[in-house]
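*Asks:* Below, each chain spelled out in residue letters.
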Amino acid sequence: MPKRATIGLSLVVMLASGYAVFAATGWPWKAALFPLAIGIPLFCLATTELLWAWFGAEEKRDSMELALSTDAVAGRRVVLVAGWMLAFFAAIVLLGFMIAVPLFLFLYLKLQAREGWPMSIGLTLIVFAAFYGLFDALLHLPFPAGVLF
Amino acid sequence: MRFVVAIIAALAAAAASAQNFAGKTVTIVVGYKAGGGYDATARLLARHLPKHIPGKPTVIVQNMPGANSIIAANHMYNVAKPDGLTIGTFNRNLPIAQLTRVEGVKYDVTKFQWIGSAANESTILAIRTDLPYKTFDELRKAKETVVIGSTGPGANTHDFPLLLKEVLGLNFKIVSGYSSSADIMLAVERKEVDGRAGSYTSLRPFIDRNLVRPLVRARTSEPGVEKLPVDEDFAPNARAKAIMALRSAPEQVARPYVLPPATPAEIVKLMRDAFARTIQDPELAAEAKKAKFDLEYLPGDQAQKILVEVMNQPQDIVAEFSKYIKFGE
Amino acid sequence: MSEALLEGLLLVLQWKALAFMSLGIVLGFWVGLLPGLGGATTLALMLPFIYNMQPVEAFAFLLGMHAVTATTGDITSVLFGVPGEAASAATILDGHAMAKKGEAGRALGAALASSLVGALVGAAALALAVPVVRPLVLTFGSPELFMLAIMGLAFIASLSSHGGRGLVRGFMAGALGLLLSTVGQDPQAGVPRYTFDSLYLWQGLDLVPVLVGIFAIPEILELAARGTSIAGSLPAGKISRGAFEGVKDTFRHFWLTIRCSLIGTFIGIMPGLGGSVAQWMAYGHAAQSARDAEERKGFGAGDVRGVLGPGAANNSKEGGSLIPTIAFGVPGSTAMAILLGGFVLLGLVPGPDMLSKYLSVTYSMVWTIVIANLVTVVVCFLFLDRLARLTGVRGGILIPMILLLVFVGSFTSNNHYGDIVVTLAFGAMGYFMVLAGWPRAPFVLGLVLGKIAENYLWISVARYEAAWLTRPVVVVLIVISVAVILYPLFQARRRGAHA
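In order, the protein sequence lines correspond to chains A, B and C. Per the working numbering, the first sequence starts with residue 49, numbered consecutively. Per the working numbering, the second sequence starts with residue 25, numbered consecutively. Per the working numbering, the third sequence starts with residue 484, numbered consecutively.
Among the clues, some could well be false.
Distance condition first, Cα-Cα at most 20 Å in a straight line; then the derived SDA-like pairs of lysine to any residue [to be verified]:
#, chain 1, residue 1, chain 2, residue 2
1, A, Lys78, B, Lys347
2, B, Lys313, C, Tyr534
3, A, Lys78, C, Arg946
4, A, Lys158, C, Arg709
5, B, Lys197, B, Leu155
6, B, Lys347, C, Val674
7, C, Lys780, A, Ala115
8, B, Lys48, A, Leu186
9, B, Lys215, C, Ala950
10, B, Lys197, C, Gly673
11, B, Lys48, A, His188
12, B, Lys75, B, Gly60
13, B, Lys197, C, Ala949
14, A, Lys78, B, Ser346
15, B, Lys167, C, Tyr947
16, A, Lys78, C, Tyr947
17, B, Lys48, A, Leu189
18, B, Lys329, B, Val342
Honestly, the hints are just simulated from the structure, not real lab data.
Build the full structure now, drawing on both the sequences and the hints.
*Replies:* This is how it looks when you write it as structure tokens:
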């Protein structure tokens, strides 16, 4: 999994830096210097990493980073939660924050976390009240209306 | 009898059209994040407007930053409801963005319902006092290159000296990229740059401290700098003068306040009156004085006239202008 | 100077000033805790309230509020992996890792104690720097600031794993951050770079949505993957103990904490570098103190030094950044710019006057920072076990709450849906980076320092042409940068010789 991830990521970075360099060549040189000076080495570094990953030996975890669970069960759960995140965002855009927030809270608690009715409804109400009180009533944040509502 | 009916009809019409904002919330949309000059002005007005709007509504401020307030202007033009409950304020240079056809502009400044401007602003150029230039004439004759610091294209720190250099031929080197005008002042103290341009308000503390000396100003004047020579007066020809005038035109509408284009005339008038009275409110004046703001009301119709003139500039002037001036801050 | 110091203390100890300070502390506590309530925005909202206050009271309020956000921002970082403030992101790396091992109490204790030490160092610097601050700041011109940015980037070497491959990945991540920092309109020619016709990207990528995405989202995904509470399957009793252990850690690594405080203070003093850099340089420095490769790997997995460093630095930078604000009227950050507005309101003129005529007001600010931080830390310790126990709550309940915080928190940067898109996009990128073994810290460092490096480079070249390279301070900084890059290699070689 790490090997696939780093190969994939290296490819993405190569493409991105390649595009960046290409786009920069069309600009006046004052705007283009920095992107070129970074983009070209970045492309080379990404290529190095790609080749190293492809042909190099399998390595143990060496980076100063957190360890992610990568077994099948974990993978499924990750995809599921990622799906919930995207759904939340879609709900915000379509329905507006005011509807999307309590809806998301309740549905997640009930369906994904499988909490009981009292806990799901109770928590949703408390958290939504706090959210509304702080961000809307007190701070007047401009939450746009949803596309549908 | 007909007389009575006429009176009743008139009263009814008046009652129907008399906008009462009681219990409602008026939102001022600011095209910048909290903490800047536009935001501070809006918050100051928001505190004192309710007294002068019939019904004493709550007035709140919402920040809608992005793209140097093009996003806020687009919102005011296309999305905000024309019911008088949303007022917009944004970058005074947005007419320039429209004029130079910046990508993403989805508004027409001349079609907003203009409440007016809450202030005007003088742009001046100030040079370090320990340099031998005491008047603008001496600066023009300078043999050594004078280094001017700026934040970037689109800001008056950049555009004002740029035109002085390109159009009037002054011996400047403009060094841009400083993150704020305060950083430029630090560079002045370090003798890294010799001076900067900017609003009189922002330069005043440094002038008072005798760090820099103002030498020239743009057309708009403020008490304190009226005696300075005006850049346009030195223009070699009519076209050059028009270009400089074009750059400085938005400075008369320095804190623009607008309503969406379809807002009914009575609401626009009501808001104009409210703003006019608020800006003359002694409590607001006291707070403004403390914060060193200088608020002055310019009625909406005059603001609109200025901007219509900006938009109607002949194509060749606009083309020449666009060579130097890009929309930025 | 000492009479002004005493006078400043007496000014603060009046009951009105203390009352306002307490109010500020209560506000600041929540502002720091919640991502989305930025310290700067809240300062702007509070500014109108100080119109009728005396200077000392007003600053007790404003500074009391602001000084505390750096401390409580670390709390959400440790507990949930969500940065409460942009300056608290580095604390997530080891702080949250410790929470996942059931050591939340210890991590919080360490974060709080190091925050207090940092705040005291920053305040002391503010007090002592008064005579030297003007010549110090004036010596650092644009070339020197550029080299400081380069030196900051050199810390990428310390933030990467050892070995050739580690450095390749580290510098690649850093370069990616640098490239992304160029998004937006460039200040030289006014060209919109990489904006893809999106108005949202005109002014570049905002730091908070990126940080929240790249750090918080992988943690949320991992929390979901494990299916447990944050603290895993450890018995609840164990979690909250250990706060005192964290305090002891701060003293066990006292000199490290002090050094990181000094780094934070110095970065704070340099106007223009921005507040987010200090924590990463401190983290890099803390990582350098690992004695061998094994210990090095512990960073990111829950080494308490990874909490001490950033915890101290993000507090000390506050005291540091007050210095250019007060002495020159040049704010080092948005929050300072707003504070400056407060100065104007109260009739105080930043500049030489504040260091002479109004010296006692300046010193009252020093005392405000000291007292506010002391009070906050004490209060937090009282609630610490309750806070730490949150890591024992079921993941299923916490996830939607944290997600709500994440979404709303990033939305409030620009009040634009683009903020949430950025968070999600960088969340995905962060997740894959961790999966692929790429370090995220260098990426953030590149993103934060990119604009500064580019701008100051252009200014230096435009102003001095090639001569700027030979300025004395620049040469010194070049040497230090090279040393910082080579230090890990030097360490490895030394260990190899001993083995």
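*Asks:* Hint by hint, which ones does this structure get wrong, listed from lowest number up?
*Replies:* Going through the list in order, the structure violates hint 12 alone and respects the others.
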